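Starting from the structure of chain S, add chain A with the ligand where the hints point.
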Amino acid sequence: MSDTIEERSTNKLEQVVIRFAGDSGDGMQLTGDRFTESSAMFGNDLATLPNFPAEIRAPAGTLAGVSAFQVHISDHDILTPGDAPSVLIAMNPAALRSELHDLTAGGTLIVNSDAFDERNLAKAGYSTNPLTDGSLSDYSVYEVPMTSITLEATKPTGARPRDAERSKNFFALGIVSWMYTRPVEDTVAWIEQRFAKNALVRDANLLAFKAGFNFGETAEIFPPAYRVLPAPLTKGNYTNISGNTALAWGLVAAGQLAKLPVFLASYPITPASDILHELSKHKNFGVRTMQAEDEIAAVGAALGASFGGHLGVTTTSGPGVDLKSETIGLAISMELPLLVIDIQRGGPSTGLPTKTEQADLLLAMYGRHGESPLPIVASKTPSDCFFAAIEAVRLAVKYRTPVILLSDGYLGNGTEPWRMPDVSQLPDISVPFASEPNGAEGEFLPYLRDPETLARPWAVPGTPGLEHRLGGIEKEDVSGNINYEPANHEHMVQLRAAKIAGIARDIPLVELDDPDGDAEVLVLGWGSTEGTIIAAVRRLRESGCKVAQAHLTHLNPFPSNLGDVLRRYPKILVPEMNLGQLSRLVRAEYLVDAKTYSKVQGLPFRIDELEAAIGALLDD
Amino acid sequence: MTDTAVPLTTKKDWSSDQEVRWCPGCGDYSILTAVQMLMPDLGVKRENTVFVSGIGCSSRFPYYMNTYGMHSIHGRAPAIASGLAVARPDLDVWVITGDGDGLSIGGNHLIHALRRNVNLTILLFNNQIYGLTKGQYSPTSEVGKITKSTPFGSVDRPFNPVSLALGAEATFVARTHDLDRKHMMETFRRAHDHRGGAFVEIYQNCNVFNDGAFDPILARDNRSDNLVPLVHGQPVRFGKEDQLGVTLDDQGRAQVVQVADVGEDALLVHDETRDDPGLAFQLSRLARGPFEPTPMGVFRAVERPDYGTAIGDQLVASHARQGPGDLQALLASGSTWTV
Ligand code: SF4
Chain S
12 MSDTIEERST NKLEQVVIRF AGDSGDGMQL TGDRFTESSA MFGNDLATLP
62 NFPAEIRAPA GTLAGVSAFQ VHISDHDILT PGDAPSVLIA MNPAALRSEL
112 HDLTAGGTLI VNSDAFDERN LAKAGYSTNP LTDGSLSDYS VYEVPMTSIT
162 LEATKPTGAR PRDAERSKNF FALGIVSWMY TRPVEDTVAW IEQRFAKNAL
212 VRDANLLAFK AGFNFGETAE IFPPAYRVLP APLTKGNYTN ISGNTALAWG
262 LVAAGQLAKL PVFLASYPIT PASDILHELS KHKNFGVRTM QAEDEIAAVG
312 AALGASFGGH LGVTTTSGPG VDLKSETIGL AISMELPLLV IDIQRGGPST
362 GLPTKTEQAD LLLAMYGRHG ESPLPIVASK TPSDCFFAAI EAVRLAVKYR
412 TPVILLSDGY LGNGTEPWRM PDVSQLPDIS VPFASEPNGA EGEFLPYLRD
462 PETLARPWAV PGTPGLEHRL GGIEKEDVSG NINYEPANHE HMVQLRAAKI
512 AGIARDIPLV ELDDPDGDAE VLVLGWGSTE GTIIAAVRRL RESGCKVAQA
562 HLTHLNPFPS NLGDVLRRYP KILVPEMNLG QLSRLVRAEY LVDAKTYSKV
612 QGLPFRIDEL EAAIGALLDD
Chain A
3 MTDTAVPLTT KKDWSSDQEV RWCPGCGDYS ILTAVQMLMP DLGVKRENTV
53 FVSGIGCSSR FPYYMNTYGM HSIHGRAPAI ASGLAVARPD LDVWVITGDG
103 DGLSIGGNHL IHALRRNVNL TILLFNNQIY GLTKGQYSPT SEVGKITKST
153 PFGSVDRPFN PVSLALGAEA TFVARTHDLD RKHMMETFRR AHDHRGGAFV
203 EIYQNCNVFN DGAFDPILAR DNRSDNLVPL VHGQPVRFGK EDQLGVTLDD
253 QGRAQVVQVA DVGEDALLVH DETRDDPGLA FQLSRLARGP FEPTPMGVFR
303 AVERPDYGTA IGDQLVASHA RQGPGDLQAL LASGSTWTV
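Residue numbers (my numbering), protein chains in the order written: chain S, 12 to 631; chain A, 3 to 341.
Simulated from the structure, these hints should not be mistaken for lab results.
Please read all numbers here as calculations on a predicted model, not as lab measurements.
Since no wrong hints were added, every one of them can be taken at face value.
Beta-carbon label-pair distances, calculated as ranges:
1. A:ALA334 to S:ALA207: 14 to 24 Å
2. S:PRO70 to A:ALA334: 35 to 45 Å
3. S:ALA508 to A:ASP223: 54 to 64 Å
Straight-line Cα separation of at most 20 Å, EDC-like style, residue types lysine to aspartate or glutamate; simulated pairs:
4. S:LYS292 to A:ASP328
5. A:LYS47 to S:GLU454
6. A:LYS47 to S:GLU447
Only part of the chain S face toward chain A is listed, based on derived beta-carbon distances under 10 Å:
7. GLU48
8. ALA51
9. ARG299
10. THR300
11. VAL310
12. GLY320
We treat Cβ as the ideally placed atom computed from N, Cα and C, and that holds for glycine.
In isolation and in its complexed conformation, chain S is listed as follows (with noise of 0.2 Å):
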């Protein structure tokens, strides 16, 4: 365990893209996430990507409760979880019967041969076994007895085979981390501390790890270890961070910068939980996190806290957005701040909970009955969901208007090193309260808008002289005295459609990447599909093609200039998670040709399959 790198004679590689399988009880999320943190540690560019059945513990066995959590690690910089594993490690039939399919052409397989028992082999479908029937002829294959070692290693423990079997996986990142020299000592430290409340679980899963580096090393079943050495990333201080996270932490940067408590209040859905949970533990901040008994009382209770002078924010997925449409639009008719985060999933209904989605972006537009039009920003990376979040509420206490910030199951789970910005560069986006009555006659006419940002006066709750009420029916301008006059509620339709279109002109133009300015194709992209056309696009590049690209990060409304950008271009390419979803959007807008790539598998798209669409419309 005491060599270090140098010493070992290693093959070097540019980049490895690694997915661990096993039931959804084998600990393969935690087996992942040890692993790209001790890469992240040691320098690499990595970028991870979880995928798990939507059932807590499925019948153990079944390829239905198979989780699998695939990291890309790579010594250069790189912008997807990787298209296919080139090593697959199965810890039984159903993992492998689930995840071979991706397994690149001569790609390394270890598999838990102890687990290819006749019965579990029964439970994935196999009839004959493939660790004998030649079926895997093609790949490298590492049978290892993983479960029958762990047990013998943690015999010390005193631990019963039934717990010490548990450490398996431990034995598993211990032989992936030989193979991929890793750094040992950090993990170590990262058990221990782990579970440092239970020592004999402590004690099973250091020794299974320690003998899993071990057999890697002394086996000599597996070829020489490979080195991924680090990437040369910008200089300075690094974390590893999912998207939830820095979505939490963003939040709590935005109370900061608008000088206003976060209020958030949530009720509990996959995949948007874990920023409950996160901003939970951030109380010292002043962060009140309330867990509603719905999702309509989240939001409630979060434009509640809006009129109390608060950033009231709340988080959810695709249903709970359904559920709270009502009190967006009152937030809409009332003008007050209000962040709705949608970490969007596979839908309708409850759809593939666990799954990426992108098809919320026709709901954030036009999911509300009358003319109820909002602001809308998309995160495009993990750590982008940091600033999303930032830009998000920047907008809402301007303009006074609820905002939807889009992120993704695959964003809010995938991780990525992040370069953690110095905070004293980040923007002032404080607004003041109103303070004094703003009428002729010393009265408080909470309508009587900013003439720049059509924002009304923000008056809260403890300001003497500035009483006034609020509510749902339409109001008079101005005053905001209740008016069904036909006039009336015509201008104050197009006072709201005007103030939420006049955002285009405080948003950040559309970056239009074009090296030569002579693509014939662009394609054009929002949220969580970056990262993989920009690797297509630089594929196709390397291939002597000529491809635009521009991405989108506000929906609603578009940047200015993207009429003019999308008019250059014969060819426009949407690559979405939907049917559709803003091709129509740019249809409509813009009388363009954009023609839609879509996948709606619940997973990213992968770069060859972008390449691949590109370069067919690029032939077309």
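Showing chain A with the ligand alone in chain S's frame:
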């Protein structure tokens, strides 16, 4: 928002300039008057007072109060007001709701606001009908109610709002009615002064769609033998000559008795501070509906930490423990490395 002495005010100061638009003769008027008359006596400031309502006839109420207010959406007032009260424990937050708003579409929010003991004063105007949508039966309408939506009579049993609130762990539960301003004012004052979730059911006459629903107990001649005043520490006793009282039968159920038959000492002595809500619940079941002797007053008033204060205390405690939040340190709280 600095605290200065509360200025002297009158009912007029608490009345907004908006024209009140309930049907002439509606019971809502007298409730509004009772609240507006009470406010100057509560020792609170207009700017620190917020009325939040849902949708329905009663929910127009905030427009008529010269305070902060919100006329929100159907059923959601307790949820919205909860967010406000938790964010701003310094405010007096009132919720105005009705039997449809609070018990049908918003039932979930009402019970959870009470369960959590959010610092809210909730006034539920119970007229046993949907008024604003022009006369459908409500979750408090009696079985067999003939309305536009139930031409052959409703077949589902109503809620007893007081029983419901007690079942939802409410710390303050009371009932009053729109014909007794003094009783309303006293009940509202008690509800306001209660720290935590206070629930008041108000029998309110809808003279357009359900006129006289409470006449069996509230008509002048019927009151004395049908209104059972609840007075803390006193035997539960009523009737023209105080001839009637309440005892528990051998099954533990509240029942009306002739005092002469059982003797004064056998009467149930009302204790609103009992930790266990069982007896209060029995009293709430005394009448099967507003057509037989019905208790009025405070059923339950117990002290429990309120939700917003408890959340605020956690903030203070973690601030004391961890110091003020340091954002840069938060970002670096996981494993970090330097390139
Ligand atoms: S419909 Fe009934 S409750 Fe509504 S305002 Fe008229 S009388 Fe009052």
